[in-house]
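The primary structure of each chain is shown beneath.
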Amino acid sequence: MVNVGDMLVGYATDENVRKRGASGGLVTAVLAAALEKGLVENVVVMKHINEFEAVPIITNDVDEVLASTGSLHSVPVNLAKYAMGRKVAMPAKPCDAQAVIEQAKRGMIDLDNTYIVGLNCGGSMHPVTTKKMLVAMYDIDPEDVVGEDIEKGKLIFKTKNGEEKAIAIDELEEAGFGRRESCRFCTLKIPVNADLACGNWGVIGDLAGSATFCQVMNDKGVKLLENAIEAGRIEVEPASDKAIAIRAKVNDVMVNLGSTLEKEIFPDIPDKERMQYYMEQMEDCIDCGACKEVCPVCACGEDSKCTMFHSLVDNYKMSMYHLVRLLHLSDSCIACGQCSDVCPSDIPITLLQSRFAIPSQRKREYTPGMNVDDVPPFFEVILK
Amino acid sequence: MIGNVYQTVCPGCNMGCGLYIREDEEGALLVDFMKSSPANLGKLCRFGMKLPHHYSKATSMVDGKESSVEDAIKAASDRLKGANVTMLGVGNTTNEESLAFSNIADAMGTVVNTGMGVYSELPTECHPTVGVGITLDDIESAKRIALFVDPYVQYPLLVRRILAAKKNGASVVSVGWKDLHLADENRYIDPDLYESELGLDSESVIIADVHPNTDPGWVKRMLNLALKTQAKILFMKPFVNATGVDLLCKGTGQKGIPEIMDGINEGSIKTLVILDSDPVELMPNSDVAAETLKKLDNLIVITSRDSPVNKMASIVIATEPLCAKAGSFMNVEGLLLNNSGEDTAGIDAMSALSQNLGGAAMDYQELHNTVLESIVKKFTKPKYKELACEVLDIGPFEEKKGNLIYLYNPFMWFDQSDDNDFVMVNMNTVNKLGLSKGGMIALTSDAGTVNMRYRVEDMPDGLILTAKKLPVATGWTTVVSTEAV
Amino acid sequence: MAEEGWEPKIVAFCCNWCSYGGADTAGMGRFQQPASTRIIKVMCSGRIDPLHVFNAFLEGADAVLVTGCHIGDCHYVNGNEKTEVKYKFLEEMLQQLGLEPDRLHLNWISASEGERFANFITDVTAKVKELGPSPLKPEGVK
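Chains as they are written, first to last, in numbering that gives the first Met the number 0: chain A, 0 to 383; chain B, 0 to 484; chain C, 0 to 141.
Hints were generated in silico from the structure; no laboratory data involved. Owing to the predicted nature of the structure, the values given are computational and were not obtained by experimental measurement. Any given hint might turn out to be false.
[Stated by the list, open to error] Computed beta-carbon distance windows for the label pairs:
| # | chain 1 | residue 1 | chain 2 | residue 2 | range |
| --- | --- | --- | --- | --- | --- |
| 1 | A | D62 | B | D362 | 42 to 50 Å |
| 2 | B | D137 | A | L311 | 24 to 32 Å |
| 3 | B | S140 | A | N2 | 35 to 43 Å |
| 4 | A | L311 | B | D261 | 29 to 37 Å |
| 5 | A | A135 | B | E290 | 56 to 64 Å |
| 6 | A | K222 | C | H69 | 35 to 43 Å |
| 7 | B | E482 | A | A135 | 15 to 23 Å |
| 8 | A | E142 | B | S339 | 51 to 59 Å |
| 9 | B | Y187 | C | G131 | 42 to 50 Å |
| 10 | A | I243 | B | E202 | 56 to 64 Å |
| 11 | A | D373 | C | N77 | 31 to 39 Å |
| 12 | C | H69 | A | G106 | 51 to 59 Å |
[Claimed, not checked] Among chain B residues calculated to face chain A with C-beta under 8 Å, some are:
| # | residue |
| --- | --- |
| 13 | Y19 |
| 14 | L28 |
| 15 | F32 |
| 16 | K34 |
| 17 | L40 |
| 18 | Y54 |
| 19 | L181 |
| 20 | A182 |
| 21 | R186 |
| 22 | N419 |
| 23 | N450 |
Using N, Cα and C, we set each Cβ at its ideal position, and we do this for glycine too.
In isolation and in its complexed conformation, chain A is listed as follows (with noise of 0.2 Å):
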């Protein structure tokens, strides 16, 4: 019997679903049941592209979602986007999960039929970011990576012929590298809005590298976990406290970094000075749409208002798109990074958009993506 609330450490049944997943493979295996079993009809996996590169697919196929090993640290994705009128589940870091809720909640995906097997992320990094790191600072040719982890604040590759090599993440972001600007001042590492929060932090004894600890959030939690029980592909046991206060006390010290780093993130900007610093990041914008187009909280579609009432003939001296959108995200915006991902003229647009986020959703006490009932602050609007 599983329990919304467990605590729990187990590990897929198949010695090598087992070993090739970075922790014991149960989020392999649990998505495997919850395909085979009927549960949902549809998973989103993670196709490999190179060590460094994964885009989400979907499948119906057990044996492929059995072939997938998702890379932990590659950047976020819209996963929503794929789950839209399917039964799907999926697995998904912090901020994806986020983005999940936010387009349940503006009625895009029906959350019952979204399973969300959630990751533990201490921060994701950017595929051609990492290749130069390695160069410049480990001295691995990119191509001889076969494997990368986290660990007590350092980030260590591992190599073809079994070499490993860890720097601290502090020296890396120091020297411009490691993990993406919005991943720094990130404080939700452990996915507590999934269905199921899993992850090696915790993971202790004998079973270190070779299981996942697992919290269950809510009964789809529980319906995911008894489900691949009695499909026989996983065993878990309850975690000891002691592996319960380890894992409590490594994301201790990664919020508190998170913490720490937004003071430097947004140093303050005078208020006389704010309106020339915002209109000299964003004079470089080309009006591609991209930041819309991969927002996965943004959910207006092709017609909305920040593109119908913007138009280039208009020499306006900031962009009606960029002012619709500070104003429109500053209760939702979830901070994933992904608009400067996608960036052609490298505007730095999640750090911009947080500022106006971050000070708007704390007087409100709201954190966007957490639960589905919880009312985006704007929407008062309507429902009053």
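Following the hints, position chains B and C against chain A.
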């Protein structure tokens, strides 16, 4: 897997921007960002973002009627046998298809024209310098950058490279048509002063462009500037495989599209075979080009997409969409980029055509190997001597007259609609003509009149810029009279 | 600082039932007020989208006023409560953007409060005059 994910390259220009094209169960296309792509890190411009609109599938036709590919190939073979054929392929498709096309040309005793007429005006030792540019990373480490293009409008993915260079301490001088935000200086000076005024040296980079309607004198001037200042030079190009197709068709006549159009008008060209190249889209004036093409006895189109020329073609041989093709592209910096697609319908069609015309059969792997052998090798750029060139004449600066200039960009090359239904003028023009806010400016040339909305930019007097093809244009620059409406 | 003799341009959104009446009353009562204001009448303040406010600023307004019926008096039951929710977001956003707070105001004015309307306009005009032209004003717009 449900649906398909193609790793491919954006056909908007020769930058080589990688991207994913997703195809769902119903065949709907979606763009996704290929973050590990070296040229662009997955980032895309307006055109790239709108790419699904670009993939309108072609249908095989014979004399205006839908037909099977086989019948189209057969009909094409019948009409091409013994004919005096002109062939055009600008590089909107893979290296492998371009090579197959050029093999057909061999079989017929003719050559493939790439439409870049400027090459025939340049001594061959200059071709490699124009053909393959410096790497895009080189831009970021330049100390000074001279821009002769508008990166925001024309080659948007250059913007981040130039901004990165600025972060690394570079200064940027723009010698374009209008003020650019990212330039430290915007200069509008006499071309004779470039060498002395632009402050270029061996640590500098010149960014210019070359396309089917380029003024050859201008390219020579750029080459001279690079030669005299020792600056590195990068010529941007408009087609996804413009660099590859140039290397594959080396030594051919390199007839320009305007020359081909002249040939049709004079009656010396009666049969035209084109591979993914639509003169209606590529010529400055679509209507005039369409009229010209009607004079052909035979117009045979091999293409992956639906475009205006298909409607006037005698025969259309439809091939698979670009993203689905097996094959490779070469971008402006000489980087070979591979498609993940495995479809070879286009090559198979050309192989059949070749055999019908007495040429050899071709298969993909063989063509791919030839591509690897013949164009992927260390590029050598021989020295060239200073070239004589005319000063570019951009017309009179008369009262109420202006020079309409095309700011070529991917939307223009594919004649696709965008939010670009306006021209750019300076404040002086607005005041002189008494243009009202929200009003229009009328542009009149020999080709007619058009009323356009306008946007105010900082730029020299007498210029009118457009990022959209206009029916009043007669070339990439056109003298027009102006009036407030 | 603003040029000598410069007059600000202020866009005032007024609702049909209350604040527009207030403006009318101000005129009829011959209360002194500067000629800086351009009134845009909407049926209800709830119709005023932040987009309209952005548009006013981008087109050259030096200040924008959002006005409507007093809370509880809305002709459409609760339109002005919706205005309030949106306005708070807008206010915070424009402040973060760096626009001076004095350039954006929300005020509830009933049809009988002509003097209140006139005083409001006089007040805002004086403040904006001190601030000078808006930083969002396009080039060439006076």
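Checked hints:
no.: 1; hint: A:D62 x B:D362: 42 to 50 Å; verdict: violated, 32 Å
no.: 2; hint: B:D137 x A:L311: 24 to 32 Å; verdict: holds, 31 Å
no.: 3; hint: B:S140 x A:N2: 35 to 43 Å; verdict: violated, 59 Å
no.: 4; hint: A:L311 x B:D261: 29 to 37 Å; verdict: holds, 35 Å
no.: 5; hint: A:A135 x B:E290: 56 to 64 Å; verdict: holds, 58 Å
no.: 6; hint: A:K222 x C:H69: 35 to 43 Å; verdict: violated, 52 Å
no.: 7; hint: B:E482 x A:A135: 15 to 23 Å; verdict: violated, 59 Å
no.: 8; hint: A:E142 x B:S339: 51 to 59 Å; verdict: violated, 18 Å
no.: 9; hint: B:Y187 x C:G131: 42 to 50 Å; verdict: violated, 32 Å
no.: 10; hint: A:I243 x B:E202: 56 to 64 Å; verdict: holds, 59 Å
no.: 11; hint: A:D373 x C:N77: 31 to 39 Å; verdict: violated, 22 Å
no.: 12; hint: C:H69 x A:G106: 51 to 59 Å; verdict: violated, 34 Å
no.: 13; hint: Y19; verdict: holds, 6 Å
no.: 14; hint: L28; verdict: violated, 13 Å
no.: 15; hint: F32; verdict: holds, 5 Å
no.: 16; hint: K34; verdict: holds, 5 Å
no.: 17; hint: L40; verdict: holds, 5 Å
no.: 18; hint: Y54; verdict: violated, 17 Å
no.: 19; hint: L181; verdict: holds, 6 Å
no.: 20; hint: A182; verdict: violated, 11 Å
no.: 21; hint: R186; verdict: violated, 20 Å
no.: 22; hint: N419; verdict: holds, 6 Å
no.: 23; hint: N450; verdict: violated, 14 Å
Hint compliance for this structure: hints 1, 3, 6, 7, 8, 9, 11, 12, 14, 18, 20, 21, 23 are not met, and every other hint is.
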